[in-house]
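Residues in the sequence shown are numbered from 1 upward in steps of one, following the numbering used here.
Simulated from the structure, these hints should not be mistaken for laboratory data.
Each residue gets a CB set at the ideal place from its N, CA and C atoms; glycine is no exception.
A hint or two may mislead.
[Claimed, not checked] Quick list of the computed label-pair ranges, beta carbon to beta carbon:
| no. | residue 1 | residue 2 | range |
| --- | --- | --- | --- |
| 1 | N189 | D814 | 52 to 60 Å |
| 2 | E34 | K266 | 48 to 56 Å |
| 3 | G549 | K266 | 46 to 54 Å |
[As the list claims (entries may be wrong)] Cut-off 27 Å, straight-line C-alpha distance, at most; resulting in silico cross-link-like pairs (DSSO-like, lysine-lysine):
| no. | residue 1 | residue 2 |
| --- | --- | --- |
| 4 | K784 | K521 |
| 5 | K266 | K214 |
| 6 | K806 | K740 |
| 7 | K555 | K773 |
| 8 | K521 | K467 |
| 9 | K784 | K266 |
| 10 | K462 | K447 |
| 11 | K453 | K804 |
| 12 | K806 | K773 |
| 13 | K266 | K435 |
| 14 | K521 | K447 |
| 15 | K447 | K482 |
| 16 | K691 | K740 |
| 17 | K214 | K437 |
| 18 | K482 | K467 |
| 19 | K467 | K806 |
| 20 | K435 | K795 |
| 21 | K693 | K715 |
| 22 | K61 | K339 |
| 23 | K453 | K521 |
| 24 | K693 | K447 |
| 25 | K555 | K725 |
| 26 | K198 | K214 |
| 27 | K467 | K453 |
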Amino acid sequence: MQPRLGFRRTSLIPPLLILSVCVVRQFRAFESVELAIGAIIEKNDLAQEICFRKSVSEANKLLQRHDSQRRGIQLVPVIENIVEDDSFEAARKACRLLERQVIAIYGPNTPNAMETVQSLANQFGIPHLQIDWGYRQSSRGFSLNVHPHYLAYGQALYDYVRKAEYWDTVALIYYSEESLYKYDYLLRNFDQPVTLRKWDMVNDNYKYVIKQFKTTQTHFRFIVDIPFWEVQEFISTANNYNMTSQYYSYVFTDWDIQLVDPSAFKVVQGANITTFSILRPLGEEGYGIVALLDDIRLSLLQDERFTRTTSSRRISPTQSALLYDGLSLLAMGLLASSKTVDISPPTGLTCSGTRGWNPGLSLMNDIRAIRPENFRGLTGSFQFDGLGWRSNINLHILEHGAEGFRQFGYWNMEEGLTVTRNFSQILQEMQTELKGKVLRITTKEEKPYMMYKGNVTSGEPKSTDPKDWRGFCIDLLNEIGKELNFTYTINLVPDSTYGNAKIIDGEEVWDGMVQELRTRKADLAVGSFTITYDRERVIDFTTPFMYLGISIIYKRIEDKEASLFSFLQPLSAPVWGYILAATIMVSLVLFVVARFSPYEWKADHPCNLNSNVLENKFDMLNSIWYTFGALMQKGSDVVPHAMSTRIIAGFWWFFTLIVISSYTANLAAYLTVARMESPIENAEDLAKQTKIKYGTTQGGSTAAFFQHSKFPVYKRMWQFMSSQKGVLMNSTEAAIRRVKREEYAFILESTMNEYYTQRDCELIQVGGLLDSKGYGIGLPEGSKYRDPISETILKLQHSQTIHKLKFRWWQEMDINVTCDAKQNKVSDTSSLDVDKVSGCFVMLLIGMGAALIVSLFEFLYDAYERMPNTKRTLHEEAARAFRFSTSCASFRSRMAEEATKLPPPPSMGCGPGGDKFSLSAALAYAPCLPAPELPPSQFQVDDARENKAPSGELSKCATGCTPSDNGLSVTTYQGKDVLSFCNKAEEATAPSMYPHSPTKGTHRVPSQDSSEFRQADTGLEGKSVRIASRYPNGDQFGKSVEHTKERWLHGPKVSGLQYLPQTQISGKATPGRRVPISNKGQASVDNKPGSAGTPIDASDFLIKKVAC
1 MQPRLGFRRT SLIPPLLILS VCVVRQFRAF ESVELAIGAI IEKNDLAQEI
51 CFRKSVSEAN KLLQRHDSQR RGIQLVPVIE NIVEDDSFEA ARKACRLLER
101 QVIAIYGPNT PNAMETVQSL ANQFGIPHLQ IDWGYRQSSR GFSLNVHPHY
151 LAYGQALYDY VRKAEYWDTV ALIYYSEESL YKYDYLLRNF DQPVTLRKWD
201 MVNDNYKYVI KQFKTTQTHF RFIVDIPFWE VQEFISTANN YNMTSQYYSY
251 VFTDWDIQLV DPSAFKVVQG ANITTFSILR PLGEEGYGIV ALLDDIRLSL
301 LQDERFTRTT SSRRISPTQS ALLYDGLSLL AMGLLASSKT VDISPPTGLT
351 CSGTRGWNPG LSLMNDIRAI RPENFRGLTG SFQFDGLGWR SNINLHILEH
401 GAEGFRQFGY WNMEEGLTVT RNFSQILQEM QTELKGKVLR ITTKEEKPYM
451 MYKGNVTSGE PKSTDPKDWR GFCIDLLNEI GKELNFTYTI NLVPDSTYGN
501 AKIIDGEEVW DGMVQELRTR KADLAVGSFT ITYDRERVID FTTPFMYLGI
551 SIIYKRIEDK EASLFSFLQP LSAPVWGYIL AATIMVSLVL FVVARFSPYE
601 WKADHPCNLN SNVLENKFDM LNSIWYTFGA LMQKGSDVVP HAMSTRIIAG
651 FWWFFTLIVI SSYTANLAAY LTVARMESPI ENAEDLAKQT KIKYGTTQGG
701 STAAFFQHSK FPVYKRMWQF MSSQKGVLMN STEAAIRRVK REEYAFILES
751 TMNEYYTQRD CELIQVGGLL DSKGYGIGLP EGSKYRDPIS ETILKLQHSQ
801 TIHKLKFRWW QEMDINVTCD AKQNKVSDTS SLDVDKVSGC FVMLLIGMGA
851 ALIVSLFEFL YDAYERMPNT KRTLHEEAAR AFRFSTSCAS FRSRMAEEAT
901 KLPPPPSMGC GPGGDKFSLS AALAYAPCLP APELPPSQFQ VDDARENKAP
951 SGELSKCATG CTPSDNGLSV TTYQGKDVLS FCNKAEEATA PSMYPHSPTK
1001 GTHRVPSQDS SEFRQADTGL EGKSVRIASR YPNGDQFGKS VEHTKERWLH
1051 GPKVSGLQYL PQTQISGKAT PGRRVPISNK GQASVDNKPG SAGTPIDASD
1101 FLIKKVAC
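Work the whole structure out from these sequences, hints included.
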């Protein structure tokens, strides 16, 4: 039996052991593990102690919710109290906590005590929880700081004041020197000096800080670093000094400003109040800061020690939230570490020993490894960088409004500053705030912007009532006031300037309207107020309501009266001289080249091509006539034949083409465009001279433009203006009067230039715009009225209201005489005035007069030349020539004219009577004499030995008459009377052919005494023919006559014509009748046209050379 029983017992022992182990393990799983959390808190800080206990309780709840393995971890608070910032006592309390086996230590919050505790925590491997700025936090070790780093806060603050609000000056009010660490980034990167003032509530020192800023009026933007429980006192003091208006801005750096009692901000009169916060928005669901604060306050009321302390008003919501998040983060780290190692209280740790807590390092790593999506506390998500500092935290930027604080935007390390506020809502609030306001306007009296129309009393300032003012800016303010429901008063700036900066003792000092805005003595600055960079730094501007640029105004140069020779103006005098010289030079070259070129020597008559007598038509006169005709684009009857002369002609044609085209183009532009002959055309011309002085308004934006310009021309102009006394003017009106009075050019805005040139025709704008800018309404820096007024200006521009106002004040108001702005540039091109082309008519009259004078001279000279031959007086020769020239007949014969004896004047009945002959009498009756009648047909020589012409026409080159036919005869040919002459003596002695050969340079011609015929010298050489001016005497018989001059037979001498009836004349020829002579169709006996026996046509004889 025993063995059997033993067998059973033996078989049952392993199952019982396994069951017992499982039961023990299951029992231990439900058994809680208590872990102590130590805290070192300053005495009498009851609120922080209650917050610590409440945060530990909430951390235990978090462990229960996330402990899926039922480890049963419970945190137990262990609190030690010390005297404020006592490092020795803090060290003793920390050692006591180590002996009590705490796994983490919180506090203290004072810097020296905290640094002592941190060194002990690093030595023994105990996590040290901190909720301060981290000024003395070590980048390594066991420090766990859940507060944002001070450098990150400083960068966020700098981005807000510079990139969002564009502060250029700032004053910092602080309560502790150590708090200045968080402004390190701002102080190092702000480009302007930062004024520092310490806030001290002892002995009312803080009041003097506020009073100093109010007295100096140098700062209107402040960074205030004071505890949140002193904010109400600060705002009340600032309001007592009228520093809570809309022109002041305050940034409070304490985390808990948004939770201050709202009644503290009721005294604010429009000041911009901003703060930063790391708390989640109060409206989010779940356990938030409000619930935590309510629990703390409730616990305080239930604590019996509460009545003996004054800490109730110093409960910091942000510190409470950070402590809450720190303990919750520690709990999450314990859960993460318990998955890999057993978490047990550290035993045997003493300050005298050297052994540390090994799980502490693993716990720290697990806490820092928590991802943002895994835990979100009251201060947002958590993430730590490689140095153990909390990173990428969202800093919420809050601004105070009518309903409390609202979000302006947020900032983090990755995205920087992001603005999220609703601008439309802000704009509506500003428009609501403007309703009923009476704004103070600073301005300067200037046309047409601000003009006073009220009554002026000596010794009293001008009225501030807008009804006593008129102008463009008054109308503009009225339109803006209607939209925003505000009224205003007008106040003239004392120094009558817009504002200019000067450096005095190293500080920037402004004057004029800019200083009025900087000192907040005015709400708006209205007028021709130019938006500039320097002004934009110290004040605010609205959207420009008018765009313009810098221009120059000068007195108009009166248009000169058109000259009679205006047509010569397109080309300068030297050019005309060069053209004349070129004409003469080309004529000389053409003459020389034509003389040397063999191809320019041609036969003298086309009927005798084989003649040895050659002719060159390019003599000096013809050469000049040819070049002049080409220049006038008319040509001539002389043409070049040789290649050399054609080359000269071609280049001369090209030259004349360019010259005439240029002249024609310039002439058209000159006659149709009235050019402004001004000594200056632009700023460059103004800078190059010193005769005309120039300047601008003193202390204005135009002067600042030249003063700071880097352009060489403008720099030179500013050097001139700054060195010359009296060129910088105080007002535009005085400058305009000076422009009209003396040689002075004024530089001003184009809008003012347009205004004055439209009303004063003696003024003009010179050149274009030197720059581009705009007029805006100035406001104090940080003014809330900027956006509503800017939006209203844009609305008025969209509705073209501002354009209508400008047209009214520039084009309609106060204009007596309208001056065309382009009067000095472009005239009417549809027609030309008489005064512009009268010179052409004068030249035509001069030419006709010169021609008449020369003709008269030639007329008298020809009569004078004939006197020795005809033995008549000058009067009679002039009368005969005048009668010959003024006859209405188409065909005239000089021989018939000379053969006719003039009757006495009384017989004609058309002139004064009397036997005495005078020039006046001849000129009076000679035109009335009838012309001798001649047959209007051709004549043919009646020669018995002449070969008859072909039927129907005369032969082209007729033969000469026979020697027996010596004398004058008239026959009829084809129904026409023909007059012919034959001279046997001349024909007998004439050579058979080539009478003009070079070997025989002359030929004999019978003289007047030896024959009934006479010869006349035409005076031309292959050119147009004229009547001979003299007749050879009898003693010239046998005289050699050079063949360089063509000679024709004129017929019998004057005395021989008296016996004309003795000659056989057929047809209607009668004595005393003028006989036209023709030589067409017949050849001379000696093959020379015009010799004896050649038919002569009077028209060809008198006008041109005979053609074959």
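Hint compliance check: list the failing hint numbers for this structure, sorted ascending.
No hint contradicted; all consistent.
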